[in-house]
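Colleague: Single-letter residue listing:
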Amino acid sequence: MGDQDAVTGTSRVKRGMADMLKGGVIMDVVNAEQAKIAEDAGAVAVMALERVPADIRAQGGVARMSDPDMIDDIINAVSVPVMAKARIGHFAEAQILQSLGVDYIDESEVLTPADYANHIDKQLFTVPFVCGATNLGEALRRLTEGASMIRSKGEAGTGDVSNAVTHMRRIRGDIARLSSMSPDELYVAAKELQASYDLVAEVARLGKLPVVLFTAGGIATPADAAMMMQLGADGVFVGSGIFKSGDPVRRAQAIVQATLNFDNPDVVAKVSRGLGDAMVGINVAEIPVAHRLEDRGW
Amino acid sequence: MTSSPLIGVLALQGDVKEHELALEAVGAHTTRVRAVEDLKAIDGLVIPGGESTTMSNLAIRMGLLEPLRAVSSAGMPMYGSCAGMIMLANTVIDARPDQQTIGGLDVTVRRNAFGRQIDSFEIDLEIPAVGELPFRAVFIRAPLVESPGPGVEVLSTLRRGGAAGTIVAVRQGVRLATSFHPELTGDTRIHDLFVQIVRQCS
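In the order they appear, the protein sequences are chains A and B. Residue 1 is where the first sequence starts when you use the numbering used here, and the numbers rise one by one after that. Residue 1 is where the second sequence starts when you use the numbering used here, and the numbers rise one by one after that.
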């Protein structure tokens, strides 16, 4: 008794890691200096990447995993967990990130997909993965592949929160619909969601995903964060919204406070004052469909 | 003696809900603690798992750190898991130099003592204080206890491998701390022990 060996990479260990991030803000950073600012402001983790989504959008070209030196610098600069992005389907990038010791991998539509048919087989990894989703079927397919955390995709690099709202409402609406179904209807629901019956039945029973659900993609203000938390997000990813704004330090602190006090408008109002310019936004509706990131991943 | 004590869960960030469910399963009432006034009615406090750097930062910014130290000094029972253990420790190593804790537990805690997330693990532990059956323990970027003070009772250590002998659960009077997350496994014996401590106190 009590003499079994330790087991790493179990579902509980991977999903549990995301549980520890709940109620927090995960911030995109491109260097050690930004990582420190994020940690000082109360970020619960940082996402290391070479260019924030707004720059990827502006500069174009192929967006890839970051330079390992840069990821090392960030890992060494902060004590909070460090996440990093791999391209959809690019399992070799994911292998490198695991070897670097990142704490979570984001298989992200923000980077240029490497495989337009298959996602990474995340079951093969010890490091946990977070993946984006626009609806419940997509979220459940990612879970079957081994994702341990889900985030809305939103539309990264825009500062336009509308797609994040759509995705969160859709995921939660899909779950509510499952929960109201009789058991015999769940078989057809599984077919329509293109997800395994067992997982569909589990979600119907729980009334929520069996993993943590964060929001991402266009969150730029404290009010955005407070709204997404009220819509049922367990926490918030902020990409370009902080370091593309006029006063990153204050905005980062304000978004952390708004995420924590999302149900207290007095606090959200107070922290929303005097933040300087928000990132310059792009309306999602003005982005040509071919350039929208939400359609990457399937 | 209260049969259903009211236990607060510090709700700055982390797995608050999981602790609430475990506490309710062993007969306690729960409430979330985010402001100073939330501390008034509670009989005990749980500090959940989360990121200790962030939790410490937010406790200071919300003006909660000194009030938490005050209720701790006044003898309020406290239980901390993982980041919560760090928050209760008198001394923390491998943390940011400015990381502040509530303190009160006479131990030195090493942050992220087992490595990064890929080194996180689960294992069966022996914890005689909660019974003979092994306790499935989930360690996530977990801290460990070094140099426990004279009044600190060691409840469990790792038994095998390179980290054998490592202290992972301690009690000092009304203070309880674990490196691991009993709230993630459905085994409520640690929470039951804490609720008993609270009952004896109130």
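In short, the hints are calculated from the structure, not lab data. Be careful, since some hints might not be right.
Among the chain B residues that face chain A by a calculated CB cut under 7 Å, a handful are [as the list claims (entries may be wrong)]:
1) 13
2) 15
3) 29
4) 30
5) 31
6) 49
7) 121
Ideal Cβ positions, reconstructed from N, Cα and C, are used throughout, including at glycine.
Colleague: With reference to the structure, classify each hint as holding or not holding.
Modeller: Status of each hint after checking the structure:
At a threshold of 7 Å, the smallest CB-CB gap from residue 13(B) to chain A is about 4 Å, leaving the interface hint in force. Below 7 Å, beta-carbon pairs count as interface contacts, and residue 15(B) has one with chain A at about 4 Å; its hint therefore holds. Hint status for residue 29(B) relative to chain A: violated, with the closest Cβ pair at about 21 Å, above 7 Å. Below 7 Å, beta-carbon pairs count as interface contacts, and residue 30(B) has none with chain A, the closest being about 16 Å; its hint is therefore violated.
Given hint, residue 31(B) at the interface with chain A, is violated; its Cβ is 15 Å from that chain's nearest Cβ, farther than 7 Å. A hinted interface residue such as residue 49(B) counts as satisfied when its beta carbon comes closer than 7 Å to some beta carbon of chain A; here the least separation is about 5 Å, so the hint holds. Taken as an interface hint, residue 121(B) checks out: its beta carbon lies about 4 Å from the nearest beta carbon of chain A, inside 7 Å.
The structure does not agree with the numbered hints 3, 4, 5 stated previously, though it agrees with the rest.
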